[in-house]
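Build out the structure end to end from the sequences listed, making use of the hints.
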Amino acid sequence: MPWEDHDAREHVARTEQKLSRLETLPDNAARAHATEALQALVELYGECLDRVMSHAVSASASGSELLTALLSDELVSHLLLVHDLHPDSVEARVQRALEDVRPYLKSHGGDVELLAVEGTVARVRLHGSCNGCKSSAATLELAVREAVTRAAPEIVQVTTAEAEPSPQTLIPVADLFRGQPTATR
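If you read the sequence shown in the working numbering, its first letter stands for residue 178, the second for the next number, and so on.
By construction, these hints were calculated from the structure, which means they are not laboratory data.
Just so you know, not all the hints are guaranteed correct.
To be verified - Beta-carbon label-pair distances, calculated as ranges:
1. T212 x H304: 47 to 53 Å
2. L244 x W180: 18 to 24 Å
3. E251 x A315: 21 to 27 Å
4. H260 x T212: 21 to 27 Å
5. L215 x H304: 45 to 51 Å
6. A185 x P280: 41 to 47 Å
7. S197 x S284: 53 to 59 Å
8. A211 x R186: 21 to 27 Å
9. T316 x A185: 45 to 51 Å
10. L244 x A217: 25 to 31 Å
11. G240 x N205: 46 to 52 Å
12. V333 x H304: 22 to 28 Å
The beta-carbon is built from N, C-alpha and C at its ideal position, and this holds for glycine as well.
Here you go:
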């Protein structure tokens, strides 16, 4: 629930009091470390707000275009996740990550299928030629893992199921010689 202006002013005042107490810390190293951490956090949020404003200015009148631009910005998306404000479900974000990595997989003769998202685990299945070559499969699995954890940081494990074997079609021996001239003795 958004804060009222009065609530925001009170929060700013409390925050300023807490920040001013940093200057009274007796340990110089701890004070410097805390100050640097806060400055880094403020810079991160400043960059995020800069991106939000940039997207808002460059977006057309459509709210959905602005939302798409904001959600596709990795930093903005992550900060929405941190504050539990991201509008997309974990499964939707994992699915989008797989769509993003799919061209890379296809360039190596592979593909990926999302089987399930269960808590903090995403289960996927790799398909195609990437399944037969161990080093290729490992490279593609890594690409999938990176894409998924970037889009859904709450996913702590991506498991890969074995691809279902393609059915082998055996040609009966008799069919091999059908239409061949029969040798006469």
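To see whether the hints hold, each was checked on the structure:
T212 and H304 have their C-beta atoms about 51 Å apart, which keeps the hinted 47 to 53 Å range intact. Restraint check, L244 to W180: a C-beta distance of roughly 22 Å satisfies the suggested window 18 to 24 Å. As the Cβ distance of E251 to A315 is approximately 25 Å, the hint placing it in 21 to 27 Å holds. Between H260 and T212 the C-beta distance comes to about 23 Å, which sits within the given range of 21 to 27 Å.
At about 47 Å, the beta-carbon gap between L215 and H304 stays in the expected band of 45 to 51 Å. For the pair A185 and P280, the supplied restraint of 41 to 47 Å holds, since their beta-carbon distance comes to about 44 Å. Remark: the range hint 53 to 59 Å for S197 to S284 is upheld by a beta-carbon distance near 55 Å. Between A211 and R186 the C-beta distance comes to about 24 Å, which sits within the given range of 21 to 27 Å.
In this structure, T316 and A185 meet the distance hint of 45 to 51 Å, their C-beta atoms being roughly 48 Å apart. Distance hint for L244 and A217: a CB-CB separation of about 28 Å, consistent with the stated range 25 to 31 Å. Distance hint for G240 and N205: a CB-CB separation of about 49 Å, consistent with the stated range 46 to 52 Å. Remark: the range hint 22 to 28 Å for V333 to H304 is upheld by a beta-carbon distance near 24 Å.
Every hint from the earlier list agrees with this structure, and none is contradicted.
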